[in-house]
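Asks: Sequence:
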Amino acid sequence: MEGSRTPLTLWFQALFLHARPKGISAFRLASVIGTTYKTAWLICHKIRHAMSACDSQELLSGLVRVNCGGYGRPHNPTVFRHPQKQPLILGGTISAEAGITHLKIKQVPDRHLIQDRITSLGSHEFVQKHVDSAKADITIVIQEFSIHRYRPLLQMASNASNWINWTFSGIGPKHLQSYLDQYCFGYNQLQRKTNPFQVLLSYIAITPTLTYLNLIQREDYSAQRKIEYERLLREAC
Numbered sequence: 002m003e004g005s006r007t008p009l010t011l012w013f014q015a016l017f018l019h020a021r022p023k024g025i026s027a028f029r030l031a032s033v034i035g036t037t038y039k040t041a042w043l044i045c046h047k048i049r050h051a052m053s054a055c056d057s058q059e060l061l062s063g064l065v066r067v068n069c070g071g072y073g074r075p076h077n078p079t080v081f082r083h084p085q086k087q088p089l090i091l092g093g094t095i096s097a098e099a100g101i102t103h104l105k106i107k108q109v110p111d112r113h114l115i116q117d118r119i120t121s122l123g124s125h126e127f128v129q130k131h132v133d134s135a136k137a138d139i140t141i142v143i144q145e146f147s148i149h150r151y152r153p154l155l156q157m158a159s160n161a162s163n164w165i166n167w168t169f170s171g172i173g174p175k176h177l178q179s180y181l182d183q184y185c186f187g188y189n190q191l192q193r194k195t196n197p198f199q200v201l202l203s204y205i206a207i208t209p210t211l212t213y214l215n216l217i218q219r220e221d222y223s224a225q226r227k228i229e230y231e232r233l234l235r236e237a238c
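Numbering of the sequence shown is given in my numbering, commencing with residue 2 and proceeding in unit increments.
There could be a bad hint or two in this list.
With a straight-line cut-off of 20 Å between C-alpha atoms, the simulated EDC-like cross-links for lysine to aspartate or glutamate are [claimed, not checked]:
1) K175 - D117
2) K107 - D133
3) K130 - D111
4) K86 - E145
5) K107 - E126
6) K23 - D133
7) K107 - E145
8) K136 - E126
9) K107 - E59
10) K175 - D111
11) K194 - E59
12) K194 - E98
13) K107 - D117
14) K86 - D111
15) K39 - E3
16) K86 - D117
17) K130 - E59
Keep in mind that the hints were calculated from the coordinates and are not lab data.
When you get a sec, could you build the whole thing from the sequences and use the hints?
Replies: Shown next, in the form of C-alpha cells:
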C-alpha cells in the first residue's frame, strides 16, 4: 500500500475480498471499489505478491508427495509441447487422517523441460526450494502417465485450473504463478483453520512493495514458445 493514492478503506475491502475462498478478478474488483481496471489489476497483483511471500515462508515437511501436473488444455495437442500448456510441479504434505494438509504448486522453468516432460533437475530444484529435506520423507513421481502418481495431488491441479478459468477466464504463463500461489494460500489457510484476512493483512504489512514496473517486466516466454512450437510442427510435416 506504500505510495498508493487509493484510500486505505478500499485497500482493506480488496484484502477482504481476496481472502474469501473464491477470490475476485480485477474486472469485478474495479466495479466493486469504484476504481479503474488498471488500478484494480495492480492492487490484485500486490495482494497476490504478499500471498506468494506467505507461501515461501514455510517448507513442506513430514510425509511429502511430489507429482507433475499441468495447466491448460490445448484443442490440438501433439507430441510437442503446446504453448498453451504449462507444466507444473505439485508438492503436498500428506496426513493419513486429513489428506493434503500443505500444498505448493509451481510452474516449471523452460530450462527444466524437454518438450512437456520435466527433467530430474526440475524436481530436485523444487525439493531444494520448497521442501525441508531434513524433516521430510519424500516420494517424487514426475512421469506424466505413471500409475504411481498421487491422485489427490492430480485433483488439486485440476481444481486450481478450474478455479483460475472460472474466476479469471484463464491466465497466460507470465503471471500464472501468482494465481497458483493465491490458490495455495487459500487452501492452506483453510486446512489450518486460520483467519485468511488476518494472515494476509500481516503479510501485506511486512512484504516489500511490488511496483508496476517490476510487475510488467516479468519474463514471458510464451511468444518464444509459440515460435518454437510452430517450427517443430513444420519440421515434423
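Asks: All hints are to be evaluated individually against the structure, with a verdict given for each.
Replies: How the hints compare with the structure:
Distance restraint check for K175 and D117: the Cα-Cα separation of roughly 17 Å lies within the 20 Å cut-off, and the hinted pair is therefore satisfied. This hinted pair checks out: K107 and D133 have alpha carbons roughly 16 Å apart, not beyond 20 Å. Restraint check for K130 and D111: satisfied, since their Cα atoms lie roughly 17 Å apart, inside the 20 Å limit. Annotation: proposed proximity of K86 to E145 holds, straight-line Cα distance about 13 Å (limit 20 Å).
For the suggested pair K107 and E126, the alpha carbons sit about 11 Å apart, so the restraint of at most 20 Å is met. Restraint check: the Cα-Cα separation between K23 and D133 comes to about 30 Å, which exceeds 20 Å; the hinted pair is violated. The straight-line distance between the Cα atoms of K107 and E145 is roughly 16 Å, inside the 20 Å bound, and the hint therefore holds. Distance restraint check for K136 and E126: the Cα-Cα separation of roughly 17 Å lies within the 20 Å cut-off, and the hinted pair is therefore satisfied.
At roughly 15 Å between alpha-carbon atoms, K107 and E59 fall within 20 Å of each other, so this suggested pair holds. Using a Cα cut-off of 20 Å, the hinted pair K175 and D111 holds, with the two alpha carbons roughly 13 Å apart. For the given pair, K194 sits about 16 Å from E59 by alpha-carbon distance, which is consistent with the 20 Å threshold. Taking the CA atoms of K194 and E98, the gap is near 16 Å; set against the 20 Å cutoff, the hint holds.
Between the alpha carbons of K107 and D117 the distance comes to roughly 15 Å, so the proposed pair stays at or under 20 Å and holds. Distance restraint check for K86 and D111: the Cα-Cα separation of roughly 12 Å lies within the 20 Å cut-off, and the hinted pair is therefore satisfied. Pair hint K39 plus E3 holds up; C-alpha atoms about 17 Å apart against a cutoff of 20 Å. Between K86 and D117 the CA atoms are separated by roughly 8 Å; this keeps the pair inside 20 Å, and the hint holds.
A hinted pair counts as satisfied when its Cα atoms are at most 20 Å apart, and K130 with E59 qualifies at roughly 10 Å.
The structure shown violates just one earlier hint, number 6.
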